[in-house]
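A.B. asks: Those protein sequence lines, which keep their order, are chains U and Z. With the first letter of the first sequence counted as 1, position 291 gets the number 367 in the numbering used here; the numbers rise by one all the way through. With the first letter of the second sequence counted as 1, position 88 gets the number 101 in the numbering used here; the numbers rise by one all the way through.
None of these hints come from the bench; they were simulated from the model. Some hints here could point you the wrong way.
Once the Cα atoms are required to be at most 25 Å apart in a straight line, the calculated SDA-like pairs of lysine to any residue come out as [unchecked claim]:
#1 141(U) with 244(Z)
#2 195(U) with 30(Z)
#3 204(U) with 158(Z)
#4 141(U) with 242(Z)
#5 252(Z) with 204(U)
#6 243(Z) with 407(U)
Residues of chain U clear of chain Z, computed beta-carbon distances all greater than 10 Å [said to hold, decoys possible]:
#7 102
#8 213
#9 235
No residue lacks a Cβ here, since even glycine has one placed at the ideal position from N, Cα and C.
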Amino acid sequence: MAKVPYTVPALDDLPTVPRIKPGAMSELKSYVAVAAHQEPLGFPGELVENWEQAAVAKMGELLGKYKSLRVYLDMCVKCGACTDKCHYFLGSGDPKNMPVARQDLMRDIYRYYFTPTGKVLGSLVGAKPWTKERLDDWYNYFHQCSQCRRCSLFCPYGIDTAEISMAAREIMDSIGLGQKYCNEIIGKVHKIGNNLGLPEPALVNTLEGLEEDVLDATGHAVKFPLDVEGAEVLFVTPSADFFAEPHVDGLIGYAKVFHQMGLSWTMSSYASEAGNFGMFIGNYEQMRKIAMRIREAAIQLKVKRIVFGECGHAWRVAYAFLNSLAGPFDFLDPRYPVPQHIMELTRGAILSGAIKLDSSANADKVVTVHDSCNIARATRMGPEPGSQFEYPRFVLQAACPKFVDMHPDATRERTFCCGGGGGLLTDELIDIRIKGAKPRVEALRDVVEQHGVTHMASMCAICKSQFTKVLPYYGYEMGMVQSVHQLVSNAILLGGNS
Amino acid sequence: MTGLSVFYAALLYVSAAVLVAGLAFKIRQYWTTPAPLKIAVTPAPTTQAGAYVRVAREAALFESLFYSNRWLWIFAMAFHAGLALVLVRHLRYFINPVPDLLALIQPLGVYGGMAMVGGLLVLLLRRFVIDRVRYITRPSDVLMLLLLIGIGVSGFGMKFLHHTDVVAVKAFIMGLYVFDIRELPAEPPLLAHLFMVALLMIVFPFSKLLHVPGVFFSPTRNQADDPREKRHLAAWAAKLEG
Ligand code: SF4
Ligand code: SF4
Numbered sequence: 077m078a079k080v081p082y083t084v085p086a087l088d089d090l091p092t093v094p095r096i097k098p099g100a101m102s103e104l105k106s107y108v109a110v111a112a113h114q115e116p117l118g119f120p121g122e123l124v125e126n127w128e129q130a131a132v133a134k135m136g137e138l139l140g141k142y143k144s145l146r147v148y149l150d151m152c153v154k155c156g157a158c159t160d161k162c163h164y165f166l167g168s169g170d171p172k173n174m175p176v177a178r179q180d181l182m183r184d185i186y187r188y189y190f191t192p193t194g195k196v197l198g199s200l201v202g203a204k205p206w207t208k209e210r211l212d213d214w215y216n217y218f219h220q221c222s223q224c225r226r227c228s229l230f231c232p233y234g235i236d237t238a239e240i241s242m243a244a245r246e247i248m249d250s251i252g253l254g255q256k257y258c259n260e261i262i263g264k265v266h267k268i269g270n271n272l273g274l275p276e277p278a279l280v281n282t283l284e285g286l287e288e289d290v291l292d293a294t295g296h297a298v299k300f301p302l303d304v305e306g307a308e309v310l311f312v313t314p315s316a317d318f319f320a321e322p323h324v325d326g327l328i329g330y331a332k333v334f335h336q337m338g339l340s341w342t343m344s345s346y347a348s349e350a351g352n353f354g355m356f357i358g359n360y361e362q363m364r365k366i367a368m369r370i371r372e373a374a375i376q377l378k379v380k381r382i383v384f385g386e387c388g389h390a391w392r393v394a395y396a397f398l399n400s401l402a403g404p405f406d407f408l409d410p411r412y413p414v415p416q417h418i419m420e421l422t423r424g425a426i427l428s429g430a431i432k433l434d435s436s437a438n439a440d441k442v443v444t445v446h447d448s449c450n451i452a453r454a455t456r457m458g459p460e461p462g463s464q465f466e467y468p469r470f471v472l473q474a475a476c477p478k479f480v481d482m483h484p485d486a487t488r489e490r491t492f493c494c495g496g497g498g499g500l501l502t503d504e505l506i507d508i509r510i511k512g513a514k515p516r517v518e519a520l521r522d523v524v525e526q527h528g529v530t531h532m533a534s535m536c537a538i539c540k541s542q543f544t545k546v547l548p549y550y551g552y553e554m555g556m557v558q559s560v561h562q563l564v565s566n567a568i569l570l571g572g573n574s
Numbered sequence: 014m015t016g017l018s019v020f021y022a023a024l025l026y027v028s029a030a031v032l033v034a035g036l037a038f039k040i041r042q043y044w045t046t047p048a049p050l051k052i053a054v055t056p057a058p059t060t061q062a063g064a065y066v067r068v069a070r071e072a073a074l075f076e077s078l079f080y081s082n083r084w085l086w087i088f089a090m091a092f093h094a095g096l097a098l099v100l101v102r103h104l105r106y107f108i109n110p111v112p113d114l115l116a117l118i119q120p121l122g123v124y125g126g127m128a129m130v131g132g133l134l135v136l137l138l139r140r141f142v143i144d145r146v147r148y149i150t151r152p153s154d155v156l157m158l159l160l161l162i163g164i165g166v167s168g169f170g171m172k173f174l175h176h177t178d179v180v181a182v183k184a185f186i187m188g189l190y191v192f193d194i195r196e197l198p199a200e201p202p203l204l205a206h207l208f209m210v211a212l213l214m215i216v217f218p219f220s221k222l223l224h225v226p227g228v229f230f231s232p233t234r235n236q237a238d239d240p241r242e243k244r245h246l247a248a249w250a251a252k253l254e255g
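For reference, chain Z alone in the conformation it holds in the complex (with noise of 0.2 Å):
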């Protein structure tokens, strides 16, 4: 066992336990702030089960972006669903056996590695191109822009410039699983883009990828609109009533 190989396996254990503890922390949060007031943004569904409708097109087509901004929509869509395929893609590395639906679609996700970086390239050029995306521009926009990308061209690297021996990076997670230090092979482009994934996972909480879990609890898209059928009142507004 390497010092190399404890050293990941601490980072990978205190990054998705951050994650994890950060995530669960702040859904808590989101989900027990009372929303005291009906706001939904109309027009807008009159049922509950509608209300979740909306927010699960919002959620998986950006429907809201699509009438707002045809261009980013598309960029936006190309990262954030290559992003998706990448991901079912690296499901191989996590289950053991592989299912055989996973290995069809596996080719795929090469594909949606290159949408993803493209899409990336794209938002990050707009940051410096657009005058009113420059200017409310944050140097942590960019540097979040850079991770994704620096993670997905290492990903990149291990494909195609220095072939990682990824039977050896399957056994090395699958001892994670069971708190057992397997070797983790020393190749270069494996190292950055496992530490720069432990980084995006230590930041998720922390950061504007809040928009994750945040876009369930929106108000002005969770809510039906039914304030003159229903009675909506927050527990501390109906202290008021006292």
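Bound conformation, chain U alone (with noise of 0.2 Å):
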């Protein structure tokens, strides 16, 4: 792969805001998707003909589907409350990734083409027509946004800018003019199972080989099942957690758990993906598709309940739309919410001792966590308000000794991105990657010095993979990224107190 062109800005002090440098990312493209990407989703295989109509009938379309599109294009008051707040404008300065300025891309085209002062007082509202230009830009930076939400938190209305890049995402691929990252991974998991495309096969050789080290190096025997029928869980994880680092330690973390808390679970080599990149394509039929693969395993294995391992995004398609795609889950035990996050389980079982930790493991560390957007923003994982924070914590200082919060806007509901989401995982963005992830490691940053924080704890994919990834630039080892099961791993007390 040619070598993509990228830079590292210096860092500043959390809240600075930069100046606007227009421009500064519009040549910045991912990958479009070929026909051999585009045609298995249903999308035609390169632009079509009459891009401009096909386009305007899709957004139509969508603004009778979707009421945040709706009342979201129109409501706006260009306040610019939402200007300082995402990510990939604090890092790169490109004033089209400011929140409010990504919507106008799409909204300028909508009062063109919907509205009665568009169509009356043209430019004087913005409204634009349609040209060629106007689609680049709307790939490039459409293709610039994590769908974090960061921006919907502070909006004075809500607007959520997520939406409108998910829409914009679906018109394109409706024009076949699609993102080949998001569409070839959906292909592999209709095909395949999962984003990485490891078929059955492969997935038995890497259990079995995880069961094999975990036993030389604990001498108890956990089990990494797979297609188990008639186990009580149905344990769906993101695939990267097969064998990526550090994702696959937190995999042993999640064995251990299951193993100590003696809960039979298996895994599903028909269901072996959490992650749903429907989401990122806005596309609900796509996005459908792919749960019902889990509710269908479930069914299979005569499971009683579904459990996910840590993945942002996945646990905000699990914990937020499961139920709405691929429900009811009527057959399952209505003791339990429908799907679980392992943190759920795992603080459980250290509540009631089914578990024990002895954070003297971890020692020799200084942990902080990073709250993954689409958990922090999208979803819980206990009956409070605000439980997906509290229980990675309540599990993190379980297991280590010492535990530090970096900065409180920059956790939380206020998290930041780790730059990486939503889409954008691919080498040829690590430029706005780096950037994006600015803020996140300035806040790290802080408590390194502050408090000699050595680890950052991490409870996403995709947050693992960009952190492992864009931590060197700034001069931070990628070790320094821990999987939060992981430490639980270190810290689990194994046999004995059946």
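With the hints in hand, could you dock these two chains into one complex?
C.D. replies: In structure tokens form, the structure reads like this:
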């Protein structure tokens, strides 16, 4: 692959807002999907001839299907409150990475084709017709949005740029202008069952290898079951957990928790992926199709509960959408929420004494936590609002003697995206990924310097991959990034308390 | 009956009709467009009642803006709260007899007007001074502020410069209720004021002023955070299950 140019911005103190640099990221473009990626999903293989009309027609359809799109395109008052909230703007200074300006790429077109003011007053209200340049801007800047929804948190009307960028991607897919990274991955899930395209034999192999490794390391026969009918729990985890670092150490942690709890569990080779990239491209049908695999696996394996592993976007689709997409789950045990997060299980097991952690195993570390955007702003983990922050912290504090939080403007619901979410975790976008990580790295540097933090725990496959890749550009080691359940894995006491 | 009175009567009828019909159309559209997925920004209330309280706090206190940008909140609040007071003060031109309470809080309206115009001037200034805000500003954003400032200033003009015969104005308005066009005093500040108000009413349902009804329809704010507890399914999505 050709080397992609990038620059690493100098770190500032956290609230620094750059001056605008128009056009700074206008050339950065992720690879466009070719027919082989598009057609299996039912999208045109290349840009259709009458794309202007087709895009307008699709926009009209979506305006009737999504209240968010309809209301958000109308109601923005251009107050600017969101302009300094997006990590991609803070890192790049490109004004089109300000959430409202990103929305305006669509709003200007919407005004032109769908509103009386746009038709009568034209550019006075910013209305603009389609041109090839505008379509290029759409493609580039709607793929510089990780759909993290930090902007929505701060907007006085809750305007959610993620909804706009999802709709934009859906419109682009429908006219034959898809993104290779997302659409290729979705194709793999339909065909093989996971984002990485790991076929069943490879999966079996990997899991057997892990069983041997854990047996060697601990002397305990911790199982990594696959396709076991009648297990209590169907466990669904991002496929990166099967071998990326530090993801796989998290997988070992989950397995130890199940083992020690004495809870029978299984993974599924058919639904071997928690992530659902259908969300990234805003396509309900694709998202539903992927989600249905989990339902089908649950029925087929006759499980009673569904539990998800550490992944932010996966957890959003699981927590907030799965019931809509693939419910109702009335065939599962009604005593448990559907689905559950592994953090809920681990926390519960610590509280009940079903597992015991010896935090001295992590005594060499000072740990902080990165709240993943989708977990923080789109889900819960327990019955209480905010449990998505408290549960991981509870587990981390049980597993690590020294825990420090980062600045309140960069944690909990105000957390910054890692910079690689929403379909941006691809090499050709490395420049914006580095820049988008800047606010997080600034907050991290703060606790490293003030409190000697050595490790940052993460609970999302994308965050883990992104940070291991991007932290070195800022002078931090990739090993700084840990899975939450990796730290649990280090500390959990195996055997002896059944 | 002068031509001027007829013109203004017609203008006000038309603008009121556009405002009501336009808003009714948009509200119906917002109401009936489905929200197929649960997208509340969390942490969020877990009950629908809680979500309504959240929306009410946004509408009344601009809570998100408060945490987002304190300075902007102060001036936006000055403008909106000032406007609210002014509107209350204006009720006396539309109600007969004037309730005691209204008469009592009457003098506050002037301060409201000052807060409103002061707030608007700052909001206008920042559109030119802050580079990010300048970038997102369209001509219509500036014109909207100028229109509101114009309404405020002409209002002050009636009070402080060119005293208007409010009794006659009220008679004119009460007459409109019964389609009896009475004489409107031909005073420039009043005419300008009414003209700009009519213009505002006409653009309301076609412009970003739709944030007024829209704030109640934002799914990230008005949804309860209960997707695991209750299945949420839009009609068009249910068809896919066929
Ligand atoms: S904060 Fe909301 S209303 Fe204000 S400019 Fe941004 S999107 Fe528009
Ligand atoms: S959703 Fe996140 S990435 Fe997208 S514009 Fe908003 S803050 Fe930026």
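A.B. asks: The structure should be examined with respect to each hint, and the outcome stated for every one.
C.D. replies: Evaluation of the provided hints:
{"no.": "1", "hint": "141(U) with 244(Z)", "verdict": "holds, 18 Å"}
{"no.": "2", "hint": "195(U) with 30(Z)", "verdict": "holds, 21 Å"}
{"no.": "3", "hint": "204(U) with 158(Z)", "verdict": "holds, 22 Å"}
{"no.": "4", "hint": "141(U) with 242(Z)", "verdict": "holds, 24 Å"}
{"no.": "5", "hint": "252(Z) with 204(U)", "verdict": "violated, 35 Å"}
{"no.": "6", "hint": "243(Z) with 407(U)", "verdict": "holds, 15 Å"}
{"no.": "7", "hint": "102", "verdict": "holds, 14 Å"}
{"no.": "8", "hint": "213", "verdict": "holds, 14 Å"}
{"no.": "9", "hint": "235", "verdict": "violated, 7 Å"}
Going through the hint list in order, the structure does not satisfy hints 5, 9.
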